[in-house]
Amino acid sequence: QKYYHYVHLFLQVEQVRLLDRFSNKSVHGTLYLTATHLIFVESNSNNSASAGHEVWILHHHIASVEKLSLTTSGCPLVIQCRNFRVVHFVIQRERDCHDVYSSLLRLLRPVCYEELYAFSYNPKQNDQQREEGWQLIDLGAEFERMGVPCDQWQLTDVNRDYKVCETYPRDLYVPVTASKPIIVGSSKFRSKGRFPVLTYFYQEKKAAVCRCSQPLSGFSARCLEDESMLQAISKANHNSRFLYVMDTRPKLNALANRAAGKGYENEDNYSNIRFQFVGIENIHVMRSSLQKLLEVTGTRSLSMSDYLVGLESSGWLRHIKAIVDAAVFLTRAVTVEGASVLVHCSDGWDRTAQVCALGALLMDPYYRTIKGFMVPATDASYYSIRGLYALRCDQLDGDPKEVSPIFTQFLECVWQLTEQFPQAFEFSEWFLLQIHEHVHSCQYGNFLGNNQRQREELQLRERTHSLWAFLMSEKRNHLNPFYSPAYSEAHPVLEPSTLPYHFKFWRSMYHQFDRSMHPRQSILKTILTLKENSRKAESTLQALESRLQQLGVVPVATSDPPAPPPTRDQLSNSHSLPPRPDSLILGAPINHKEVQRHEEEDEQEEVGEEATESTDTERTVEGSSGTESRKQSYGELEGTYNSDLVKEEPAVVSLEFGVARMTC
Amino acid sequence: GEISSPTQDTNPSDHSELKMICFQQAIRDSDKEELQLLPNETVQDMAQDVTYFCPFTGALRGTVTVTNYRLFFKSMDRDSTFMLDLPLGVVSRVERIGNASSRDVSYGLVCKDVRNLRFAHKQMEDTLRKSIFEVLMKFAFPVSNGLQIFAFEYGQVFPENGWKVYDALSEYKRQGIPNESWRITKVNDHYELCDTYPSTLAVPVNIPDEELKRVAAFRAKGRIPVLSWIHPESQATVTRCSQPMVGVNGKRSKEDEKYLQAIMDANAQSHKLFIFDARPSVNAAANKMKGGGYESEDAYQNAELVFLDIHNIHVMRESLRKLKEVVYPNIEDSHWLSNLESTHWLEHIKLILAGALRIADKVESGKTSVVVHCSDGWDRTAQLTSLSMLMLDSYYRTIRGFEVLLEKEWLSFGHRFQLRIGHGDKNHTDADRSPVFIQFIDCVWQLTRQFPAAFEFNDYFLVTILDHLYSCLFGTFLCNSEQQRLKEIPKRTVSLWSYINSQLEDFTNPLYVNYSNHVLFPAVSLRHLELWVGYYIRWNPRMRPQEPIHQRYKELLAKRAELQKRVDELQREVANRSASSASERPGSPTRSITPVQTFV
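So the sequences go chain by chain: X and S.
The opening residue of the first sequence carries number 1 in the UniProt record's numbering; numbering runs sequentially from there.
The opening residue of the second sequence carries number 1 in the UniProt record's numbering; numbering runs sequentially from there.
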């Protein structure tokens, strides 16, 4: 029995066709509409390999629904999702199509936070477990790790009641010498009151990375407190005589802001600063750039010229490069010159956040681990100080002009770095994709609300769950098999090259749901399988060793290692709503949790599949031919590994070592 | 005498600058900072105070040594020693830059491997003394100067003999030839039928040698359709030839028509034959003016003609020239992709791969035999047959299999390496030069990207082949045909495969899994193709890979192998013990132990 048979169905439409975006293939099935999901279930055809294929789409993921004009075969409905899934349905009767369309429009737009999925999502955890999930991030401890407070930096309670700056968190770190009047004065001279605060401290050189918003300088205004504030930051670092002020905007934009009474720091008024523009475009440019990128890459038949020229004219990779360039500049200033840097843009919550977070990632190997990545990716430098986040990701029906792919860009910058430094990151691409998925899913409380104040009002910690707890519990699925802690030790600071060919189109992100675009053989999967085999060999070793000890004394069956206690997920899995199957993009590397469920459901299918792949004498086709004249099997190597595994005696293999298609 | 990686700017003190593909090699290089002469390599000239204008790090002053094999530049200007080790075979052109009145003389070296080098030294005071670069010119172009190519002098002995890698008869035998439909003919034993073909040919059984000669008269350069590969199950075949001599009047040949019918009949599975003409149809039609052309479907019953739109050697040469401009030395930040597009290089790669995929698909899925030709059948045809064979037959994806594939489809079938590369020839504007083979290796690299576990060899193997394509250290890529090669090359030179097969571990892909019957159908969509940065942009020090990832693969595999060994040992021990205690208990206790499979 499937989940959608239990829950309240708003709609059920039979005889729906799902078209593949890049080929002429289509499948028939049934469309279900629930309170939270749109589900398409492929009807059982004679093609056993794809029988029962399901597509689950969370309403929160849907960016747009479009009803196209009626054709002879039915009424087309195109749904675009924020996680870059594009589904094209053809519904036989126009009436049905209209029903789906209008129901979706109604369901799509939650008008208040309480309607978001996070408030109803329940992975069957008790309060204590939930609380533990939220405690994974402790900003105070994080600053302590960096060596703050210290003789030059202290915690200030000036924003205790969110009075000085509504969009800042409560706990802020400032130079010891910055008195309250200076802070308050400075905040009045800064857009939205966002005065300079510490975001990262490079202990080795005592250099600080601070962030703020633009000064309200207009053409000539000055503010002595603000000047003292910058002076205080500069003086807190004895290694350098000056402070870099990095305006992440293009100079033209900053100049334009002057007319509105804002602008940038005048080097003449501030002693010992070095002012620098880095030229990252604003959210509107980024939004239309992504739009263009998706248009180009979404085109079905594309010539090589159109593709390359389109990719370039979208400007997307150039924008990514600009962000990485800025982070590299920041990193060099701090780690090589030992200078402190103050970063801002206009309001200091988009470009500033991207650059600070990415800079921290380059400087500090801790942030390149799964646990550490939460920090730059969330509270420390990103979310708690970032504000307007919900609007950027369009969680509530806000102004479309404020929607922008800032966070997608940040993740992509990280991905580009992982491509250059395959050993430096503990997490794999899959981890980044999962985060991206859930930023938009509104399933967890981490990404809701605009600022700490609003989040406290929403009682997110009490009423929702933390994504990081989920990701940590799934840690094994997100590990990068190439990760080498020794490498990080030898190369604590990364110096990426930003030559243009180092920036590649991120196919796994933008085509994650387009099966025909997936790699034929994935190195990641191969290596994971390799590691899995090693781990299995280790367990076999242990089993053998213990068996040798026990030989003749204990019966065979008990020589198995004891089954590990079921994890939280395994426990919750049986009760709660199953996580959306097969929305799991890209074929998760080796998804241990998925596997168990699949085993139960698909046992029969797999026998068939195995038969087509395991025989060594049969010719197997990998990939699809140009003409697609025959039924193909996407012979992922992994499939063959696993069909071998099926033959094994399952006795020693514990759940912990479960690999796809193993019967335990 | 170790062979140093022939084309490497080595900076021994800075390991992070080393390229992954040359990782192993580079480590070895870094041990020595002096020029290590190869057997029979002799120093011809030396010059102090020569400036090398490195486009990436600026001018460096140092010493140049020219031998009969290489140019060696060494500079101690900086904190670390800088070395440049360039086989002279790589040099395509040496030009003197600047006027006679200047105090400095400057020389530009245009190289075949996507880079240019510039040197300068003071004007010679003794006007009779030659510049070292004039000495270099003599040895860089031995053919033009009546000298011997260095491969004939290099006498290194390797444990493996690469000349034994390929034997036509045993390769046909591996494919099951001769069989009831195909026979081996000796008609070309003395290269009388066709001097650019190998001596051993496989042809349909029921066409006698006499008729072959009449077919040869109708095919350009006598290159008749012969078997390249046969499907082990369906008996569908890949055959190759040159264009038919149709001409403007639409000449026909009964023998040729009968011959193609015989090729079709040899495959009982299909009543159709596909003829793949690699050229664009316009070019094929234009060839009629020169007496060539293509098969008309009227004359050839049951045959379907398909044009694959691959351009000729001149277009390809121009494309690589543009690519070199775009990638060397500096890359323009803002227009990288449109500049790349303007070279059309990836588009050509795509067309070649798409053509090979169509051939492989017809043979594998359609069970239909195919005939492949272009004009002469030694450039585009070689690319297409060898790539489709690589997709169809996993044997060619092993190191030895790939060597056999090159020996067979490229070398024995007369791809004109001497002309296309211009070994030791100073005539750099020769219109016969073209990067056809480089394109093929690029296509192979694209395949390895898409199927990272399907190939026994790694990137370094492919780069090494291309480096020695130019180096003139080995005899493998000398001459234009089997006939020319036969007399002296194996006797007097060393095969590249001797070198490679003597240190296989350097060239082995740790991810390789041997699936004997897997057919690869790559995605030829542009989203899956990318520029082979590790080859074309390797001179740029910023292109350095940040980490030698191969090392990690190897560590993982070693760990696994070690575990496997332990498991085996323990399993044996358990088996022994339980055997001794089996009398006490019934059943087979060893069955409870999971066998750990060896996949890689």
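Derived by calculation from the structure, the hints in this document are not laboratory data.
Some clues are possibly wrong.
[Unchecked claim] Heads up, simulated EDC-like pairs for lysine to aspartate or glutamate below, C-alpha to C-alpha not over 16 Å straight-line:
(1) X:K321 <-> S:E332
(2) S:K565 <-> X:E144
(3) S:K565 <-> X:D306
(4) S:K350 <-> S:E555
(5) X:K504 <-> S:E530
(6) S:K122 <-> S:D104
(7) X:K531 <-> S:E33
(8) S:K350 <-> X:D306
(9) S:K559 <-> X:E538
(10) X:K321 <-> S:E562
(11) S:K254 <-> S:E211
(12) S:K186 <-> S:E153
(13) S:K138 <-> S:D195
(14) S:K213 <-> S:D195
(15) X:K206 <-> X:E166
(16) X:K504 <-> S:E257
(17) S:K258 <-> S:D298
(18) X:K180 <-> X:E225
(19) S:K213 <-> S:E257
(20) S:K74 <-> S:E34
(21) X:K531 <-> S:E555
(22) S:K221 <-> S:E180
(23) S:K487 <-> S:E505
This structure is a prediction, so every number in the text was calculated from the model and none was measured.
query = Which of the listed hints are not met by the structure?
reply = Violated hints: 2, 3, 4, 7, 10, 12, 13, 15, 16, 22 and 23; rest satisfied.
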